[in-house]
Amino acid sequence: EAQVTQNPRYLITVTGKKLTVTCSQNMNHEYMSWYRQDPGLGLRQIYYSMNVEVTDKGDVPEGYKVSRKEKRNFPLILESPSPNQTSLYFCASSSRTGRSYNSPLHFGNGTRLTVT
Amino acid sequence: RKEVEQDPGPFNVPEGATVAFNCTYSNSASQSFFWYRQDCRKEPKLLMSVYSSGNEDGRFTAQLNRASQYISLLIRDSKLSDSATYLCVVNDPLTRGNKLVFGAGTILRVKS
Numbered sequence: 001e002a003q004v005t006q007n008p009r010y011l012i013t014v015t016g017k018k019l020t021v022t023c024s025q026n027m028n029h030e031y032m033s034w035y036r037q038d039p040g041l042g043l044r045q046i047y048y049s050m051n052v053e054v055t056d057k058g059d060v061p062e063g064y065k066v067s068r069k070e071k072r073n074f075p076l077i078l079e080s081p082s083p084n085q086t087s088l089y090f091c092a093s094s095s096r097t098g099r100s101y102n103s104p105l106h107f108g109n110g111t112r113l114t115v116t
Numbered sequence: 001r002k003e004v005e006q007d008p009g010p011f012n013v014p015e016g017a018t019v020a021f022n023c024t025y026s027n028s029a030s031q032s033f034f035w036y037r038q039d040c041r042k043e044p045k046l047l048m049s050v051y052s053s054g055n056e057d058g059r060f061t062a063q064l065n066r067a068s069q070y071i072s073l074l075i076r077d078s079k080l081s082d083s084a085t086y087l088c089v090v091n092d093p094l095t096r097g098n099k100l101v102f103g104a105g106t107i108l109r110v111k112s
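Heads up: the protein sequence lines correspond to chains A and B, in order. Going by my numbering, the first sequence opens with residue 1, and the numbers climb by one from there. Going by my numbering, the second sequence opens with residue 1, and the numbers climb by one from there.
Isolated chain B, as found in the complex:
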């Protein structure tokens, strides 16, 4: 089983739609969670951290479900500029360097 799993997509949605991605992780001891955004052939950029109580940043909402070991990202009112690959990132506290493990990403395409 992969440490961090995401549906690769692509998710094709019209502008204005609401879209949600889930990501499952295997290590119940993980404590830090992030969503990164990556545009084609560019570096990943932090979109938002994910906190236990859930958190919101504008049109983006992140949730953590520890019992089921998944995190989610909800995007409301999708814009064309939201088209990108979204990477789920989870720490592995059992490693000496407290490694961050990246999912392979979910592709989102927003169309007019």
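In isolation and in its complexed conformation, chain A is listed as follows:
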């Protein structure tokens, strides 16, 4: 089954304790992206990757890191989480690259992070 898999689904942590949220897709998509969703603000892009070893900042990259060493995996790293990073996070992938405008995004089922 074609899917994007995120782990964990729920995570409660304390300020400053490094964490990683994993994301994996089995559709051979070049494009992958991380979003956070907060009430009233919609989905905001954190980082994206257009292919292996190619990553770029989105709209809200502060406090986050990513890596893309393999095509299927795109982990999100919070080196020193803070309470303002409490949010619902989604990973997504797509076959859209460069000028391929019409490919939609496929989302993972989300990670609800709470930082106390």
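Read the hints as simulated data drawn from the structure, not as lab findings. Quantities reported herein were computed from a predicted structural model and do not represent experimental measurements. Worth double-checking, as some hints may not be accurate.
Unchecked claim - Cut-off 27 angstroms, straight-line C-alpha distance, at most; resulting in silico cross-link-like pairs (DSSO-like, lysine-lysine):
#	chain 1	residue 1	chain 2	residue 2
1	B	K99	A	K69
2	A	K71	B	K2
3	A	K18	A	K71
4	A	K65	B	K42
5	B	K79	A	K71
6	B	K42	A	K71
7	A	K17	B	K45
8	B	K111	A	K57
9	B	K99	A	K65
10	B	K79	A	K57
11	A	K65	B	K111
12	A	K18	B	K45
13	A	K18	A	K69
14	B	K45	A	K57
On the provided structure of chain A, position chain B as indicated by the hints.
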């Protein structure tokens, strides 16, 4: 001005009703448009792409108006299961990654 704007609602409608949402976008160079559906606390799922000539998928019809820079979604014969948040999504071709920009969503509640 936000890149993609939607009326947050909620739209409360009875079963069987017809309901329409609009979404405006600011970038006249945008070329790809989508409607996504999101159930509470779950991931967004593609409902339909929006094509220039308009398109229909069962009870759902999407339209694009380039001159006025808006897209619309029409739902006929509403079902209880249509209750969800509907997200309007538009590409920003001026970004290196051809970013998709999401509206904040319109809440639909269908009641019996």
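| request: State the violated hints by number, sorted upward, taking the hints as numbered earlier in the document. | output: 2, 5, 7, 8, 10, 11, 12
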